[in-house]
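Top to bottom, those sequences are chains A, B and C. Positions in the first sequence are counted from 1; adding 73 to them yields our numbering. Positions in the second sequence are counted from 1; adding 9 to them yields our numbering. Positions in the third sequence are counted from 1; adding 894 to them yields our numbering.
Everything labelled a hint here was simulated from the structure, so no lab data went into it. In this text the structure is predicted, and so the values were computed from the model without any measurement. Any given hint might turn out to be false.
Unchecked claim - Footprint (simulated), chain B over chain A, 3 or more residues, beta carbon under 8 Å:
1. 264-275
2. 400-409
3. 416-426
Said to hold, decoys possible - Facing chain C, a subset of chain A residues (Cβ under 10 Å, in silico):
4. F162
5. G228
6. L305
7. F308
8. N310
9. M312
10. F316
11. T370
12. V375
13. L485
14. M527
Think of the CB as a built atom: it goes at the ideal place given N, C-alpha and C, for glycine as much as any other residue.
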Amino acid sequence: MSLAVSMSPATGWTVVIVLGIIWVLLGIYWGRKAKGSEGFMLAGRNVGLSLGAATAMATWVTSNTMMVAPVLALEKGVWGMLAYASAAFGLMLFAPLAIRIKRLLPDGFTAGDFFRQRYGRAGWTLFILITLLYSITWLVTMAIAGGKLLEALGGIPYAQGMTLILTVCVLYTLFGGLFAVIGTDFIQSLIILIGVVVIGVMVIVRLDAGETYRHVAEHQPALLDVMMPVALLAFFNNMLFGFGEVFHNNVWWSRAFAMREKVAPRAFFLSGLLWFPIPIAAGFIALAAGPLGVNVTDASKVGPVVAEHVLGQAGMGAMAGILILVVLFCSIASSIDSLLAATSDLLVKDIYVGLFKGNLSGRVFRKVVAVAILSVALIAWILALSGWNVATVLYSAGGLVSSLIWPVIAGLFWKRCNRGLVLAGVVLGCSTGYYCFFMIEPYIGALSGGAVSMFFTILSRYVKPKPFPEPEPEPSLT
Amino acid sequence: MFSETFFSVMITVGLVWTALGAVTLIALLIRDWIRNELW
Amino acid sequence: MGLRATVSWLIFASTAFPLVAAEVQFLVEGDPDAPIESNSGVVALEWVPANPDEAEGIEFELEKSETADFSEATVLYRGPDRSTILTGVRAGDYFYRVRTADGGRWSKPIRAEVEYIQRGRLFALLGIGLVVVGLTVAAIVGGHFKSSRESS
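One chain only, chain A, in its complex shape (with noise of 0.2 Å):
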């Protein structure tokens, strides 16, 4: 059983341009608080626990969140949905983290400025290579899912649905900066986790977990095994991919610059929390597949499909289709807006400013600002409509984001190392990573990554070490 189009392209257009209205409305209300280059960038450095939590959470709820997470389930079953939820430690654990990075850098403005400081030029040029690279596909992944999103639900062609998608966020993001990102990040989150419980209620009422577990337990037993191999390797191997994504991304760097100094920890713990049980969730739904006899064709399309069957047979008809669209529409656009705003930041203050030693005073701000956001947007848009196999790309970055774990928490935890050692362990891990990807078995890239980074980090921390130099005032930008 394959999609169906539940409504008509009309629907579909009218709903994301509804909400694409509402969005581009509210990021130029409050784009008016940014004043300045903080407040565009930073939200004004002073965000509160609420908006904290909830940003850092919806930005981790991708549209792979709500499209993968059912994918594991379906193929790995109870660990698929465990190994998946285990990438909210990644959130909790920069708890600690974000308290080391105001202390560190109190006027920081980027990722960039943290390894440019600990780990020099060349430490700095490895980390905007890989998280120029990541970001990119990351983002290119995004407008893919929502383009093939709107095709699939609404009958809207790929190209225009992509580009609406991304437009709408551009948009809101152009506007209204990190205050719109945030604020629009609320409203989405709060979308995100009463459609998923919705959704995965209805599916309940249909048929209780207990009468779920007998089908599986008899047609799909090995999903329900506690040694079910793949599924236990892919546990340690999500976990340190979600590792290296938060700990290394202007994406989460740029949150804990825009929050208050006390609010950064409990928020990003928080947040870690909230998004933890999203994945087995909406992984239920696609153990439901089977027991609700819905024959799966397409295992990237399940979590959808499953859910409009479901509301489908609950009478909801078009209504089914409008709700998940909302949903993963949502999920999509919260991750969209954060990659644009993170990364075009990393372009302007890293690269525009810190290589070419650009001007950012008074009005040059905000022209340079929406060159950056409109660059990246653009390149994304390219690579969207290309065809191009991004999301190998994306998931084969496991090894370059897991060796960037350790010698970020050096960076921010320890007073010496062996910069040498540990710049030539991240050169490793990557290629391990990429090596053991592609060679042996995709389960194992982030693992081999991370763990031959780790192993030269902490011998970079006894042979030869040297201080970190002192932490030096950030240049104000304006």
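Following the hints, position chains B and C against chain A.
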């Protein structure tokens, strides 16, 4: 094999926990709004 | 005369022996006799009706058995789809066959071999995973307490 009880509890807790997340966020929003600590 | 005879023979043949060939067959990449191998417990099956033009609205029936003679078989699917993804399959050999649901002839069966990663290798990798994750968490938690002691 994971037991039926474990499975049922995991799913139920997962759904209730997600719902509590939404409630927590709304409660915190109201608290921050009253204290004028939103942003 | 030749053409006419052939045509009438064809008409006769198609009415008298409607089931000469299997009406449905599995789509297999590569060697059609080689089994499907899976190390993840996921088996994807795809089938095509012999005459796709007449296949609108046809329903299919898919069966699984653990023996080649299908002496004990279970119906896995009955419906119009032409593919399915089976998951959670335990290690072992399985046989699948498909036919049109109105009682057509069974297709040539297809064999799937499900074999998971060896226990020894699995535990070695899990051990590495546990060590890396454990040390990472310890480094963060330890670093956190050390730095908060120092700053207070």
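So, going through the hints one by one against the coordinates:
no., hint, verdict
1, 264-275, "holds (count 6)"
2, 400-409, "violated (count 0)"
3, 416-426, "violated (count 0)"
4, F162, "holds, 8 Å"
5, G228, "violated, 20 Å"
6, L305, "holds, 6 Å"
7, F308, "holds, 7 Å"
8, N310, "holds, 7 Å"
9, M312, "holds, 6 Å"
10, F316, "holds, 6 Å"
11, T370, "holds, 5 Å"
12, V375, "holds, 8 Å"
13, L485, "holds, 7 Å"
14, M527, "holds, 6 Å"
Hint compliance for this structure: hints 2, 3 and 5 are broken, all remaining hints hold.
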